[in-house]
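Could you put together the complete structure from these sequences and hints?
One line per chain: the protein sequences are A and B, in this order.
Mind the numbering: the first sequence is residues 1 to 254 in the numbering used here, read in order.
Mind the numbering: the second sequence is residues 1 to 112 in the numbering used here, read in order.
Don't take each hint at face value.
[To be verified] 25 Å max Cα-Cα, derived DSS-like pairs, lysine-lysine: (1) A:K167 <-> B:K7; (2) A:K250 <-> A:K210; (3) A:K196 <-> B:K50; (4) A:K167 <-> B:K65; (5) B:K30 <-> A:K165; (6) A:K151 <-> B:K30; (7) B:K27 <-> A:K254; (8) B:K77 <-> A:K165; (9) A:K95 <-> A:K167; (10) A:K167 <-> B:K88; (11) A:K228 <-> B:K7; (12) B:K50 <-> A:K165.
The hints are simulated quantities; they were obtained by calculation from the structure and are not laboratory data.
Computed from a predicted model, the values in this text were never measured in an experiment.
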Amino acid sequence: MNQIYLPKSASAMIPGQYVTINILTNSNQSNQKTNFKPYFYGLKQIEPIKLEIVQKVFNIISKYTEKEENIIITGSLLDNGFNFNDIDIIVLSNKTNAKMLEQEMLSKIGIKPHIIMLTKEEFVQGLASDPLYQTMISRCISKNRLIFNFKPRINAKLLDLHLLKSKTLIDNFNILNGREKYYLTFNLISITLFLKQGKITKDSVEKTIKKEFNLKSLDEIKENLVDKDFLVKYKNIYNKTFSLIMEKLKHESK
Amino acid sequence: MSQNRNKLIDLFIGNLSNAILHRILEKAIKQEEIAGRYQKEMRNSLEIAKSYREKINPPSNFPSKDILEIKERLIRKVSSELSLRISKGYKNLSLENVEVEVDLALKEMKIA
Chain A
1 MNQIYLPKSA SAMIPGQYVT INILTNSNQS NQKTNFKPYF YGLKQIEPIK
51 LEIVQKVFNI ISKYTEKEEN IIITGSLLDN GFNFNDIDII VLSNKTNAKM
101 LEQEMLSKIG IKPHIIMLTK EEFVQGLASD PLYQTMISRC ISKNRLIFNF
151 KPRINAKLLD LHLLKSKTLI DNFNILNGRE KYYLTFNLIS ITLFLKQGKI
201 TKDSVEKTIK KEFNLKSLDE IKENLVDKDF LVKYKNIYNK TFSLIMEKLK
251 HESK
Chain B
1 MSQNRNKLID LFIGNLSNAI LHRILEKAIK QEEIAGRYQK EMRNSLEIAK
51 SYREKINPPS NFPSKDILEI KERLIRKVSS ELSLRISKGY KNLSLENVEV
101 EVDLALKEMK IA
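As structure tokens, this is what we get:
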């Protein structure tokens, strides 16, 4: 252990504090860290350890992908705390082997990735017609700046198909766990809001869930503390949303 | 016991009909519209139906009377959901393939 002397103006370091000294010019790692400037959307803060994971993900994808247009990290990894099971990643590229990337990430990072490969055109189409895509980019970290111009488009058939997933909660309320109930509720409310507003965010969906089901916290669903009253309200919203989609379908077919 | 079995069969039919309907609707939508669709690895209706199937006694050699009843109820349920959509103007949907899809699903569930 050696001592180093710093001018008084280096206020971040107090006398007696232990520090690590690196040679700046030869250190690839420190260069990488200073060059790592991802773009944050809808996020106030993120734990430093998660940021390291994000950097590793970006590095692996860039290494194995030819000319990726962007990499977007979304999902539960970005929520507060460490209750995530996987990393949701959207890779905008024409050429990549998702299976190989998944294996590489699993071995290097140790967390299961869930990779969606899309071209930019497919992604923009998804943003315009699929509420879940909109909620994904409303809270995310991306490698490059996100610039998408899209006009919301109601595709009744697609929304009908998505809504059908949420029917599982009505039929199986007693056997689903909290995480499954939350996902299906999020899906239902995303579709409902999308039909009304066209553009939605993760925050707006979460606020609406709390309001519609009179919840103090979303953890009440995630921890499976909701009761039959929740189910009654859920059925009611499901039926109204289904009727609305059928109405839209009628207009589309004219 | 018998009442419990009937309840399990009801739940099995509910989930399996949902899964069959999902498959039919997916085929009716243009492929590019659902390409790369965001799908989380969640238990879906088909997997839940499978778990009910395992709970229904007897696990193998379903009585043929029961098979026939389950098949008919599935066809009725799926056809009714499809008919509702067709009446609203849903194109590319037909009731012709319902029986084929039901047979396929029952085979997957080892009931056929």
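Fill in: Agreement of A:K167 and B:K88 with the hint, judged by alpha carbon distance not exceeding 25 Å
Satisfied, since the Cα-Cα distance of roughly 20 Å is no more than 25 Å.
Worksheet item: CA of A:K196 to CA of B:K50, is that 25 Å or under?
Response: The hint is violated at about 36 Å.
Worksheet item: Keeping to a limit of 25 Å between CA atoms, is the pair of A:K250 and A:K210 held or broken?
Response: violated, 31 Å
Worksheet item: Is A:K95 close enough to A:K167, meaning Cα to Cα at most 25 Å?
Response: violated, 36 Å
Worksheet entry | 25 Å Cα cutoff - pair A:K167, B:K7 | holds, 18 Å
Worksheet item: Given the hint that A:K151 pairs with B:K30, does the C-alpha gap stay at or below 25 Å?
Response: Holds, because 20 Å separates the two Cα atoms, which is no more than 25 Å.
Worksheet item: When you check the alpha-carbon spacing of B:K30 and A:K165, does it fall within 25 Å?
Response: Given that 25 Å is the threshold and the Cα spacing comes to 19 Å, the pair holds.
Practice prompt. Verify the proposed pairing of A:K167 with B:K65, using a straight-line Cα cut of 25 Å.
Written response: At roughly 29 Å apart (the allowed maximum being 25 Å), B:K65 and A:K167 break the hint.
Worksheet item: Has the given pair, B:K77 with A:K165, been kept, meaning a C-alpha gap of at most 25 Å?
Response: holds, 17 Å
Practice prompt. Quickly compare the C-alpha distance for B:K27 and A:K254 to 25 Å and report which way the hint goes.
Written response: holds, 22 Å
Discussion item. Next pair to validate is B:K50 with A:K165; report whether the Cα-Cα distance is within 25 Å.
Written reply: Satisfied, since the Cα-Cα distance of roughly 16 Å is no more than 25 Å.
Discussion item. Check the hint pairing A:K228 with B:K7 against an upper bound of 25 Å on the C-alpha distance.
Written reply: Between A:K228 and B:K7 the Cα gap is close to 19 Å, so the pair holds against 25 Å.
Checked against the numbered hints above, the structure breaks hints 2, 3, 4, 9 and satisfies the rest.
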